[in-house]
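A.B. asks: One-letter residues, chain by chain:
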Amino acid sequence: MNYKHTSIAAHRTSLGLAAVTLTMLGAAGCHTDMWVQPKPKPQAESDFFVDGQSNRPPIPHVVDRAHLRTDDAYWKGIRGVNVVDGKPAGAVLVDEIPSQVYDAPEYKSAAGDKKELLAKVLDRGHERFNIFCSPCHGELGDGNGMIAKRGFSVKVPPRNYNTERLRAMPIGHFFDVITNGYGAMTPRAFQVDQNDRWAIAAYIRVLQYSQHAEESDLKSDEISKIDQPAAPAESSKKTGEGERK
Amino acid sequence: MAQIFHPSTNVLANVSLVAVVVLPLGLLVGGSAISRSPWNTHVGLAKDQPAPFSHQHHAVELGIDCRYCHNSVEKSPYSNVPSTATCYTCHSQIWTNSPLLEPVRNSVATGQPLRWNQLHTVPDFVYFNHAVHVNRGLNCNVCHGPIQKEMMTYKGKPFFMAWCLNCHRNPEEYVGKREDVFSVYKKYQMDQPVVEDEAKLSDEEKKKLADTHLTPEQAALMDSGDYKRSNDEVEKGKELLSKYKVKKQQLSDCSVCHR
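Residue numbers (the working numbering), protein chains in the order written: chain A, 1 to 245; chain B, 1001 to 1259.
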């Protein structure tokens, strides 16, 4: 009856192996110092800082000496101060995209052709506008976005860009409003990057042109296309060129 | 001389013979079933959150772009959970009396962030980069499941390493066009029928449909279903890989994710 002895021995060995494996697996499972490392992670809780946050706000009154924001035209959309009777009377707003925007790496790859650069900036503005502005202001800028329809407009209607007042406004105004807020609109500098805010401001001008286009502004082949859904990038380029003149 | 073993031990011997095969197999199958079950992976289990946020309502019913709230997803390794200042861009005006938004109002008033319960985690030795994946045309749903349908957010995929490697070994099966990543939700919102036989259409018809209709692959993605790319689509994926300068042979190196 030799085979019986071997089978039992084999059984015992396999049981032993299984036990060892399980113990090792168990031990490995408890070993979590690499899984949970004591390092600050984005938006995580921290038991080191008093406010319990890993994300650190800038220290109050700190001055960023390497990146001083001295260029008001780029950072505030302002290029001077109006003077009436020797007294300051409101800011003079910038009405073109500052050159720093064109210098950004994402636009720089273009051949250097001004029109091509502008088209790139406006395309970017189009995309960003649809993300950040269209929920309230609508994709046409008429103040009729989905959130406006859902009750925002009961209290404070989002602004329609196609009024005489706003059509006459320099684009620096739109940049300023996105950055610092206006009325019920909260400041959006935390949400939209500096260059993107300029791109959106420029795109708002495109929207204003598009909503006041005459038939004579179009070429004959464009008129025949009107019934078809137009490619948005194409139309923004056209109007963009008009703005540049 | 007396028998060492009673005759009944024959049964024990026979049973143990079977057990030697069945027991390890059972342990293996049972163990893997447990490790793949939601009990371990937490897939499909919504957690309680300070405010009951619905992705379905905000992303599809209202049509707000993912990037309105997750605004760092295209440029940062970490896709941010929005601060309550983002909630307040709209909720300073609408649903201002809702008790469900009480924690949000408190957070804005005190500056103390909400404690959302995290659903998706990777171990700290895994360095996942959202921007890299989004900019290679990977839709949110590839990893997060049918997020646009979720009333309460839950984890959509198990986040096993084998699952990561599945794509890192065959990136041409998953890589997509950059501009399609977020536009699919607009198409989903339009709810147009899926075009099955796109190859039969003329170029002009294809162009028209491309803006409004989900492709079968995108439709599968919106449903979190698996999709097997056709040979043509895999070829297109390979073209995209060379356009994105992805080096496939290095993509499954340990150091790609573990640094």
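It is worth saying that the hints were derived from the structure and are not from the lab. By construction, the Cβ of each residue, glycine as well, lies at the ideal position given by its N, Cα and C atoms. Treat the hints with care, since some could be wrong.
[To be verified] Some residues of chain B that are not near chain A, with every Cβ distance over 10 Å (derived):
hint : residue
1    : Asn1170
2    : Glu1172
3    : Lys1228
[Unchecked claim] The list that follows gives simulated cross-link-like pairs (lysine-lysine, DSS-like), each with its CA atoms no further than 25 Å apart:
hint : chain 1 : residue 1 : chain 2 : residue 2
4    : A       : Lys76     : A       : Lys108
5    : A       : Lys41     : B       : Lys1208
6    : B       : Lys1047   : A       : Lys120
7    : B       : Lys1248   : A       : Lys41
8    : A       : Lys120    : B       : Lys1243
9    : B       : Lys1248   : B       : Lys1206
10   : B       : Lys1228   : B       : Lys1243
11   : B       : Lys1200   : A       : Lys108
12   : A       : Lys87     : A       : Lys76
13   : A       : Lys149    : B       : Lys1075
14   : B       : Lys1208   : A       : Lys120
15   : B       : Lys1206   : A       : Lys225
16   : B       : Lys1238   : B       : Lys1200
17   : B       : Lys1248   : A       : Lys120
18   : A       : Lys108    : B       : Lys1245
19   : B       : Lys1248   : B       : Lys1157
20   : B       : Lys1075   : B       : Lys1206
21   : A       : Lys120    : B       : Lys1177
22   : B       : Lys1177   : B       : Lys1157
23   : B       : Lys1075   : A       : Lys120
24   : B       : Lys1075   : A       : Lys108
25   : A       : Lys149    : B       : Lys1206
26   : B       : Lys1206   : B       : Lys1177
27   : B       : Lys1075   : A       : Lys76
28   : B       : Lys1047   : A       : Lys41
29   : B       : Lys1075   : A       : Lys39
30   : B       : Lys1177   : B       : Lys1208
31   : B       : Lys1207   : A       : Lys225
32   : B       : Lys1186   : B       : Lys1075
33   : B       : Lys1157   : A       : Lys219
34   : A       : Lys108    : B       : Lys1177
35   : A       : Lys225    : B       : Lys1186
36   : A       : Lys120    : B       : Lys1186
37   : A       : Lys225    : B       : Lys1208
38   : B       : Lys1248   : B       : Lys1207
39   : B       : Lys1149   : B       : Lys1186
40   : B       : Lys1238   : A       : Lys219
A.B. asks: Taking the earlier hints as the rules, which of them does this structure contradict?
C.D. replies: Violated hints: 5, 6, 7, 9, 11, 13, 17, 20, 25, 33, 38 and 40; rest satisfied.
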